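Produce the complete structure using the sequences and hints provided.
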Amino acid sequence: MLTLKGVKVFNGEEFIENKDFHIELSSQEEKELNLDGMWILPGLIDTHTHLRDPGQLWREDVYSGTKAAAHGGITTVFAMPNTTPTIDTEQAVIYLKERAKEASADVKIVGAITKGRQGKELSEMGRMARAGVVGFSDDGAFLNDSALARHAMEYAYELGLPIISHCEEQYLKGGHMREGWYSTLYGVYPTPFAAESIAIAREIELSYLTKAHVHIAHISTKRSVELIRHAKADGINVTCDVCVHHLLFTDKDIEDYDTSKKINPPFPTEEDQKALYEGLEDGTIDAIITDHAPYAVHEKEVEFQAAPFGIIGFETLLNELFMVSKRGIKIEKLLSLVTSKPAKLYGMDGGTIESENPADFTVFDPNDEWIPSPQTLFSKSRNTPFLNKNLKGRVLATFHDGKKVYGDTKWKLM
Amino acid sequence: MSIAGKDVFDVDVLSKEDVLQIFQTAKEFKEVLQRPIKKVPALRGKTVCTLFFEPSTRTRMSFEIAAKRLNADVVNFSSSTSSLKKGESFKDTVKTLDAMGIDLYVIRHREPGSPMMLKKYTNAIVINAGDGIRAHPTQAILDGYTMWEKFGELKDLKVVIVGDILHSRVARSNAKLLKKMGADVTFCGPKSMIPMKAEEYGVRISHSVKEAIKGADVVMGLRMHLERQTGGFFSSLDEYNEFYGLTPEVMKETSKSSIFMHPGPMNRGVEVVTELADSENSKVEEQVTNGVATRMALLYLTLGGDNGANS
Ligand SMILES: [Zn+2]
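So the protein lines, in turn, are chains G and F.
Letter 356 of the first sequence, counting from 1, is numbered 408 in my numbering, and no numbers are missing.
Letter 54 of the second sequence, counting from 1, is numbered 760 in my numbering, and no numbers are missing.
Simulated from the structure, these hints should not be mistaken for lab results.
Computed from a prediction, not measured in an experiment: that's the story for all the values here.
One should not assume that every hint holds.
To be verified - Where chain G lies over chain F, by a calculated footprint (3+ residues, C-beta under 8 Å): (1) 811-820; (2) 901-912.
To be verified - The calculated label-pair distances, taken between Cβ atoms and stated as ranges, are: (3) G:E278 - F:G938: 25 to 31 Å; (4) G:S377 - F:G938: 40 to 46 Å; (5) G:E278 - F:S721: 41 to 47 Å; (6) G:E330 - F:N782: 53 to 59 Å; (7) G:S377 - F:N782: 36 to 42 Å; (8) G:Q222 - F:V781: 42 to 48 Å; (9) G:V354 - F:Q935: 28 to 34 Å.
In this text, a Cβ means the ideal position worked out from N, Cα and C, and glycines have one as well.
Here it is, written out as structure tokens:
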């Protein structure tokens, strides 16, 4: 038995101060660790990630990805299906599940809505559901064909699973940052906010038509927040999440053309970002995600407009939430959006600490610091705007399924 | 010598005083250009490399002539002869060139921010000769110089820039430089071709040439790219020409001493008619000469030439 003394335990909703926290160890010895003021969190849940497995292993794989997740305190990840090949069959789901057995986190699989994410034919959603997918998404692409999208929702409704929708209207998209004063000033071809909100409006209407649960991924504009808020008030089964990076960066930050700040949807304008904060406060936004999207150095070391979209996020998630809380949202609320809220949203266990000795939990020191670098990151990639920056707060250990999946030197003893 | 060693990514890196110093120096160099032997040894021993990843004979030649008039050695690298075609990245290309000992790069690239990217890989001075739709500082300097030469100062000068502002780095850099120098600037064009929130440059926005042009001292036309029609930016050249084409007729509303300018090459019959392009108040050819003089000044001042323009 290991006793952690003086910790703050986050139960998924609030902190319980100054507790002694007991962990069952495989060895019989009794130990005590004084961890004054440190946090015990439920293993975090990240419902939108790209593990690049199978087929893009130079960027990440299910093992490096989940090691990075563990390093960030995350014990459950949703793997998006935009791999090579696409996860669009029962066999592919079974294959990835098998691979993920040895992973450092629980890998939940999202199946593609259409074959090859091409938007032409429905994939075998029923069979993938049988193999255990948690939802369907053509993430990275919007399903332009509204009739097909409707049928996908009809199947999803029958299967009791959500459609996770990447919303981007096909003709308005194509830019490299959000349209506004800064896209004008920086001379970068932009995408207007309406590319996102038009697509969201369609999804809301189709959800109303089919009753399917449609979850809008990574919303980034004021109009998106407003449309979803109204839809929820109308009783439509629509939910949404926001990517943590969009809460910290704006279009202005593209000024150095750093390709590790290039992401889709692009960073919001200040006005849009303000609306995202309001959406978090009033509960319009149901979860926070990292959209962990690894790219190799050579892929990102190109001109801004030539660079692929995506930022890694597992390992800096808690640091970023910490920064967001400094801007006026209670840390408890932010933590609930990566623990109990997404668990409830997708009907999963976890995301809470109800009793002692939970299977998944994280020990976090809010006062320690660390610097993401090629030496310290567990991800194969390093496309983060926080590279070589000093960050406040550090994960000391992560436990998944009762086993330690990450531990800094202090925890090597165990 | 506050300009010495400066990288000219855009006009914002230059102070008002810097701009005036460039104008003064350009004026001296322009005199050199009138001489039978149009050369000064100010930059002897320096090596200038033009890096053109986008075809532009005019701008590249202007820089090359400017550098050669100052006795610098010039090497040209352009995309047609470049290893970019072989898939070598920008970074590798620059590292290779840098190893050969370049003092100053002049870069033209379709990507915004490419001059800053170049700077990451080199200690040499970098001058932006146009990066995508972002900036074209040397065009703005030569345009400003042309106005300064004609009117004596830029303060309160009424300048109207007409056409496809959205895709124009010339308009963007001009707006910054002219506002810095106190001019009154208007962007005029159809709404589809005015970039979002352009008023934040401190310029006026107008969708009517007739209104915008009233009392203008300078009317600047921009090249209309014909392929914009497919993007729905305008319906037909004929309609565009009727509403936004610049003619001697339209110029009647401007101030008495007004001038017409254009960064070239002109689409005669589209954004401007020949009668105006070749008229007495057209400064288009003068702009080309001033391009060489102002680029000489900029090369000379950034490279910290100490031999004086007249030596
Ligand atoms: Zn997406």
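To see whether the hints hold, each was checked on the structure:
no. : hint                        : in the structure
1   : 811-820                     : holds (count 5)
2   : 901-912                     : holds (count 5)
3   : G:E278 - F:G938: 25 to 31 Å : 28 Å, holds
4   : G:S377 - F:G938: 40 to 46 Å : 45 Å, holds
5   : G:E278 - F:S721: 41 to 47 Å : 44 Å, holds
6   : G:E330 - F:N782: 53 to 59 Å : 54 Å, holds
7   : G:S377 - F:N782: 36 to 42 Å : 54 Å, violated
8   : G:Q222 - F:V781: 42 to 48 Å : 45 Å, holds
9   : G:V354 - F:Q935: 28 to 34 Å : 31 Å, holds
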